[in-house]
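In case you want the letters, here they are:
Protein chains: 2
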Amino acid sequence: MNIEMIRAAYARGQGVVRRTPLLSSPFLDEIAGRKVFVKAECLQHTGSFKFRGGWSALSGMEADKRAKGVIAFSSGNHAQGVALAAKMHGTSSVVIMPEDAPRVKIENTKALGAEVVLYDRGSEDRDVIGAKLSTERGLTLIKPFDDPLVIAGQGTCGLEIAEQAAETGIAQAEVITCCGGGGLTSGISMALEADAPTFNVRTAEPVGFDDVARSLSAGAIQRNNALTGSICDAIITPQPGDLTFPIMKRLCGAGFAVSEDEVLRAMGLAFERLRVVIEPGGAVALAAALFHGNDLTSDTVIVTASGGNVDKAVFARALATLE
Amino acid sequence: MNIEMIRAAYARGQGVVRRTPLLSSPFLDEIAGRKVFVKAECLQHTGSFKFRGGWSALSGMEADKRAKGVIAFSSGNHAQGVALAAKMHGTSSVVIMPEDAPRVKIENTKALGAEVVLYDRGSEDRDVIGAKLSTERGLTLIKPFDDPLVIAGQGTCGLEIAEQAAETGIAQAEVITCCGGGGLTSGISMALEADAPTFNVRTAEPVGFDDVARSLSAGAIQRNNALTGSICDAIITPQPGDLTFPIMKRLCGAGFAVSEDEVLRAMGLAFERLRVVIEPGGAVALAAALFHGNDLTSDTVIVTASGGNVDKAVFARALATLE
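These protein sequence lines map, in sequence, to chains D and L.
According to the numbering used here, the residues represented by the first sequence are 1 to 323, in order.
According to the numbering used here, the residues represented by the second sequence are 1 to 323, in order.
The hints are all genuine.
Where chains are identical, the list cannot tell them apart; a pair therefore holds if satisfied intra-copy or between any two copies.
Below, in silico cross-link-like pairs of lysine to aspartate or glutamate (EDC-like), each with a Cα-Cα straight-line distance of 20 Å or less:
1. Lys132 <-> Glu115
2. Lys87 <-> Asp29
3. Lys105 <-> Glu30
4. Lys110 <-> Glu30
5. Lys143 <-> Glu62
6. Lys312 <-> Glu323
7. Lys312 <-> Asp261
None of these hints come from the bench; they were simulated from the model.
Please take these sequences and the hints and turn them into a complete structure.
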């Protein structure tokens, strides 16, 4: 991984990947006690930054491999990012999803052009199904984060942050990312190391699922004890990636762990003050900026709002936190 | 009014007024049966396009007049746009609001730096109060739409639409605006006449409050019969403006009138598919694009989502329209 891969991914995405806005509100600044800027990746195609990685992977593949199609395992944002990127490249995608995944997610992934293969979590092994399909059809697996082209794609978000911060006159900032496997965080960290080297990247995760924060603290990869039970489903991964962790270890400061209540309040405030829809996993960084000010040192904080795919029942809980 | 005034307002707003994104979703295209692009002015400072007009008015005034302060009548988006623009210019603003206005709107307007003067709708005349304050303090009145600097500011939204349409490869489109007094509509119409002359501008209003559509149809200004009873409060005005109507008459096609149910469904779909929060008055154009396709002739429609200041109870009604 190097910065030139990120710049190449950026060039490949010109005119396709959305340059998402950097939003702010004096009301959020007041709550945080400092300037807060929100990189609204919830407004990216398919509603999350994952389209950046999907587009980078598809556009960066050799043409003959791409023509045979791609495959991904995901019931969430990565699936949709890969499906749309494949469709826009005129090739096929297969997404392997558990058959008990929400019907709307299955339908959405199909509507974005993917062939959805369902499996029974109790009796079938998705890796076996995926390996069989890949071999039979010559499909290329696109991993959700531990893949250089995917990391390069997510890093384009960091290049935009550096550009937009310069346009806004921000000379120094802490940049808080919503962190799952570390694709977005490692990509942004490398981009800012090159283009905004005074900025410090820090991660945010839900309390109880803070494998990255603990890994950064320990200096070695730590696992989560549980993989279910959080509303922040989009960013719950077993552990940081083998490619992403060394980058984060080199470039990131201490991570934040935020509560479910803080996440819901951040979502509510984003509705009220920024007029954007953020999903729980995409609100952990904003929650850290708003409610963990004692652990911040900069007078300016930039956070990723990394996705906005949330069902209305969960969103109603966020609205209920507003006065 | 001429295009050079809009270009001048655009230049004065560089680095301050947000260039809001042009959003889209294949799911919305499917519903509409054509390409739909949404100019997300709900993401503008203060949550509506009104900041454009406020900024234009403040930045375009003579410095000595500006230093004495400005005054506006509004309990809504215009008040907030003027208040923030005045604060950012280092001058004072007075906003005259009815004392029964929602507490949160009064507090927000104060928080944006305005001095709020409350009056009793039953026993006091706001024009008398405003005239007295203006005379005593030398304040300049900033009207909500029938003011050349305000129209010029709203027109900057149209310059951006022309630029973004060109970047996106859109050669022809119908552009539907959410229309109250016609400041946004007339400004956009003049901007597109100059920079995208193949585009046709059309207005959208709520059923029962379609004074602009009826005025356009009649060729002369018509009034609304009622001024209350719509959830689209932001765009309910007695009649089109004396400055704005001749421009709209010259440049706009037939207007749309959409139902409350259509507005709420459009808001729900914007939540689900675009991840933005739109207020009822800001959703009428999207509702027309999605649900009045029989009255459209282009394969591409661009709509303004002109504001996002909506309380959670109304937003919950929009969420309830989703499956």
